[in-house]
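Letter by letter, the chains look like this.
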Amino acid sequence: MFKPNDLILRTTTSLIAFILLGFAVYLLLAGHNSPGGGFVGGLMTASAIVLMNMAYGMETVNKILPINYRTLIPIGLLIAVATGIGSFVFDVPFLSHTFGHFTLPIFGEVELATAMLFDLGVYVTVLGVTMTIILTIANDQEDGLEGNEIGEDSDS
Amino acid sequence: MNNLLDITEKLVNISAIICTIGISISLLLLLIRVMVGPSNADRAVALDGIGINLMGIAALLSVIIVTTKLNDVVLLIGILLFIGTLAIAKYLEKGVIIDRDVD
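Top line first, the protein sequences correspond to chains A and B.
Numbered per UniProt numbering, the first sequence spans residues 1 to 156.
Numbered per UniProt numbering, the second sequence spans residues 1 to 103.
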């Protein structure tokens, strides 16, 4: 087995992964009045983590991001359901959302909506599902026979 | 003054349409390369070119239908194109896309 030199890939990845994560957060926050939202934001975050996985290998990424992505799915679903149940506290029907204007120290006056919290639940769930699918499939080379055969074929 | 503005608007529109036609011809030629390419690397490079042309078409479309909402789409196509090309290249070279343990 030859050892490839991945220097350019790794240097580019450490730069581009930050841009991807920033773009994902932008998509999540801008979803209220422009294209974007929780779904695309979750997919962008997942693609950033997949990029890191491709460049550095699964073990290294597990070391720096010790997250079990299966636990993210119930957490996201709980957030989404909690925003729905929270509307019972104010004696309004299930899943009714509201918004208000607040004055924050740096940003000035902003409009904060509770639909944002629901979007956050969607974000976490999509991230968990996508990473679970991809990493489970990538882990499926344990017997060593099939993985080695494909590797030898591509060498010839 | 108003007349000049109209002429400029028409000029931008006409040049955007001409550019769209040019990119469409380029897309057709790249499609031929994808179909007849002798090796898999040729197809991968042609797919990369198709993605870049798609970015151009999305940007030109946002000029033709006057909107700024398509800027995110251009960035998104570029990012997904990069990751997809990387995965194809890694598969062609090593046979695995996400390896468990690098060195």
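I should point out that these hints are in silico values taken from the structure, not numbers from a laboratory.
Built from N, CA and C at the ideal position, the CB exists for glycine as well.
Careful: at least some of the hints might be erroneous.
[Unchecked claim] Ranges between beta-carbon positions, derived for each pair:
(1) A:THR98 to B:LEU29: 50 to 60 Å
(2) A:GLU109 to B:ALA87: 39 to 49 Å
(3) A:THR136 to B:VAL74: 27 to 37 Å
(4) A:PHE99 to B:VAL74: 49 to 59 Å
[What the hints assert, rightly or not] For lysine-lysine, the following DSSO-like pairs were computed, each having C-alpha atoms within a straight-line distance of at most 30 Å:
(5) A:LYS63 to B:LYS90
(6) B:LYS90 to B:LYS10
(7) A:LYS63 to B:LYS94
Exercise for the section: If any of the earlier hints don't hold here, list their numbers in rising order. Expected result: As far as the earlier hints go, 4 and 6 are violated by this structure, in ascending order.
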